[in-house]
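**Q** Listed below, chain by chain, are the residues.
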Amino acid sequence: MFRLANPNRFMNWSGKLLPWCAAATAILLGLGTWLALFVAPPDYQQGEAVRIMYVHVPAAWMASFVYAVMAISSAVALIWRHPLADIAARQSAPLGAGFTLVCLVSGSLWGKPMWGTFWVWDARLTSVLVLFFLYLGYIALINAFDEPTRGNRAGAILALVGAVNLPIIKFSVDWWNTLHQPASVFRLGGPTIAASMLWPLLIMALGFTLFFVTLLLLRMRSALMAAKLRALRIQQSQSLAA
Amino acid sequence: MAAIDHFLAMGGYARFVWPAFATAVIVMGGLLAESLSTYRKRQRDLRAAEKQRR
Chain A
1 MFRLANPNRF
11 MNWSGKLLPW
21 CAAATAILLG
31 LGTWLALFVA
41 PPDYQQGEAV
51 RIMYVHVPAA
61 WMASFVYAVM
71 AISSAVALIW
81 RHPLADIAAR
91 QSAPLGAGFT
101 LVCLVSGSLW
111 GKPMWGTFWV
121 WDARLTSVLV
131 LFFLYLGYIA
141 LINAFDEPTR
151 GNRAGAILAL
161 VGAVNLPIIK
171 FSVDWWNTLH
181 QPASVFRLGG
191 PTIAASMLWP
201 LLIMALGFTL
211 FFVTLLLLRM
221 RSALMAAKLR
231 ALRIQQSQSL
241 AA
Chain B
1001 MAAIDHFLAM
1011 GGYARFVWPA
1021 FATAVIVMGG
1031 LLAESLSTYR
1041 KRQRDLRAAE
1051 KQRR
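First to last, the sequence lines map onto chains A and B.
Okay, so the first sequence: first residue is 1 according to this note's numbering, each after it adds one.
Okay, so the second sequence: first residue is 1001 according to this note's numbering, each after it adds one.
Warning: the hint list may mix true and false statements.
Have a look at the derived ranges for each label pair, beta carbon to beta carbon [to be verified]:
1. A:Thr149 / B:Gly1029: 48 to 58 Å
2. A:Val39 / B:Lys1051: 25 to 35 Å
3. A:Thr117 / B:Ala1014: 18 to 28 Å
4. A:Gly189 / B:Glu1034: 40 to 50 Å
5. A:Ala75 / B:Arg1053: 36 to 46 Å
6. A:Ile193 / B:Ala1009: 18 to 28 Å
7. A:Asn12 / B:Ala1003: 47 to 57 Å
8. A:Asp146 / B:Arg1053: 24 to 34 Å
9. A:Phe133 / B:Lys1051: 37 to 47 Å
Below, a sample of chain B positions facing chain A; criterion: calculated Cβ distance under 10 Å [to be verified]:
10. Ala1002
11. Phe1007
12. Pro1019
13. Ala1024
14. Val1027
15. Ala1049
16. Glu1050
17. Gln1052
Worth flagging that the hints you see were computed from the coordinates, not collected in a lab.
We treat Cβ as the ideally placed atom computed from N, Cα and C, and that holds for glycine.
Here chain B stands alone, though its shape is the one from the complex (with noise of 0.2 Å):
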């Protein structure tokens, strides 16, 4: 416990350190998830468009 407790300290930084990690985790995860998103929507469309056609 004593060193999770340690390391979640980050040396007194930890109010600096965890929300510049979590900045990065939140945008560029954010990033990913839109652009999945979008990616799996324009798949099923196409998808659908083509067995229309036909």
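Isolated chain A (complex conformation) (with noise of 0.2 Å):
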């Protein structure tokens, strides 16, 4: 794992990984897109809204899954002083907040039509906004230091405590009476959702996820070569002092 994680090897298998992780993306969201437009059935109580469906879950999961991949990270860079792990944190943190942002807009758009609002004060939405600052301010704060490695660490204990937010997520349609459905995939007894939309689901997601691994692959990659950009403008700078 450490080995994996040196930087120079790091951008060796990124670089053969990459390609593989586009195309890859790109084929599951268009098959995903596909079956969720036009092979899924409608539902018999929603009708076609049940197609935002295919669009929002895997987007809650993903600003759920994003996060857990930051903290970790943190976790990582602030036990083993790791600088690939740092990174991975700091790249993963814009791309968790996009997800979140079409969570709670999505979520929002489906909400009008089957309970009557585009917002409610529930124990979920609420969490789940609360995620979303915890990603813009875990943003605001990495930055706001002149001192990267002061900005890390300060970003990395916030990662950290943050992270309580997200059991609540997941248990909060469970502790409180939410207006938001409880789980309808992973729980315990199966899904318990029709397999005929499960599948669309499950691609879809499984599209997200790889989303997000190749645009965190290409992010590293570009943090890396800033790094590499900086030191030899550092060493250019002292051979002309020289």
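With the hints as a guide, bring the two chains together.
**A** Rendered as structure tokens:
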């Protein structure tokens, strides 16, 4: 694990993996969208509005998943001081914020026809809104220091503290009376959703996951190139001064 | 034509379904575009810096 995380080795293997990840993402998102819009049946209660699910649910899963990636990377960065872990956490944040925004907006657009309101302050919706602000707060914090290592340290602590929100999001629908429905896929006793809807949903979710992996690798490579560029410029200015 | 209209109407939920999909396309497309343009810029800058060093 740590051998693969050596920056030079990382550039090597991620460069080879990237085109495959990008191709798989394009295929899965294309297939998922086609299944979601043309193949999956309308719901017997919700009609065609149920198609919002194929955007909303994968985005919601990714919102939490990306935060977990960010929190774990932050822990690795704090404990082992591994430079790649800091980069992974930093580069995950905008992606997670994007997924959370998609989740909130699509959820709101689904809520209006089904619940009669765009927004309600129930535990699930509120905890996801808090997640969105955690992402924004993290991004603001890591960029607020002149010295990047201090920004990384502060951000890592915020990311870890904010991780308590993840179980709150997951179990909010069981702990409190929410307008939001309880889990119908990842639950004890198996999914309660029909297979004709479950398959398109899982393909879409896999597409979202690979989209995240592809962009994270790309962004981490960009960050490493920026670091190399800084090192080269320092070298240059030193040789000029000498 | 009627089939396309029927599809676009989304059973009367068009003004909820399409904005939801559009949001995903805009946000994820924006992230992709931003990540790719930064990547290409860094590649160019790094190549230029390495050439200068030689």
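**Q** It remains to establish, for every hint, whether it holds in the given structure.
**A** Going through the hints against the structure:
1. A hinted range of 48 to 58 Å is violated for the C-beta pair threonine 149 (chain A) and glycine 1029 (chain B), which are about 33 Å apart.
2. In this structure the hint that valine 39 (chain A) and lysine 1051 (chain B) lie 25 to 35 Å apart at CB is violated, the actual value being about 52 Å.
3. Between threonine 117 (chain A) and alanine 1014 (chain B) the Cβ separation comes to about 19 Å, which falls inside the hinted range of 18 to 28 Å.
4. Checking the proposed 40 to 50 Å range against glycine 189 (chain A) and glutamate 1034 (chain B) shows it holds: the Cβ atoms sit about 42 Å from each other.
5. For the hinted restraint 36 to 46 Å between alanine 75 (chain A) and arginine 1053 (chain B), the CB-CB distance of approximately 37 Å keeps it satisfied.
6. Checked against the given bound of 18 to 28 Å, the beta carbons of isoleucine 193 (chain A) and alanine 1009 (chain B), roughly 25 Å apart, stay inside it.
7. Look at asparagine 12 (chain A) against alanine 1003 (chain B): about 50 Å separates their beta carbons, and that is inside 47 to 57 Å.
8. The hinted range of 24 to 34 Å is satisfied by aspartate 146 (chain A) and arginine 1053 (chain B), whose Cβ atoms lie roughly 27 Å apart.
9. The hinted range of 37 to 47 Å is satisfied by phenylalanine 133 (chain A) and lysine 1051 (chain B), whose Cβ atoms lie roughly 44 Å apart.
10. About 16 Å separates the beta-carbon of alanine 1002 (chain B) from the nearest beta-carbon of chain A, more than 10 Å, and the hint is not met.
11. Checking phenylalanine 1007 (chain B) against chain A: minimum C-beta separation of about 8 Å stays under 10 Å; hint holds.
12. Of the supplied interface hints, the one on proline 1019 (chain B) holds, with its beta-carbon coming within about 6 Å of a beta-carbon of chain A, less than 10 Å.
13. Evaluation of the alanine 1024 (chain B) hint against chain A yields a held restraint, the C-beta minimum of about 5 Å falling below 10 Å.
14. Checking valine 1027 (chain B) against chain A by beta carbon gives a least distance of about 5 Å; that is within 10 Å, so the hint holds.
15. For alanine 1049 (chain B), the interface hint holds, the least distance from its beta-carbon to any beta-carbon of chain A being 5 Å, beneath 10 Å.
16. Annotation: glutamate 1050 (chain B) was flagged as interfacial toward chain A, and the flag holds, the nearest CB pair being 7 Å apart, inside 10 Å.
17. At a threshold of 10 Å, the smallest CB-CB gap from glutamine 1052 (chain B) to chain A is about 7 Å, leaving the interface hint in force.
The earlier numbered hints that this structure contradicts are 1, 2 and 10.
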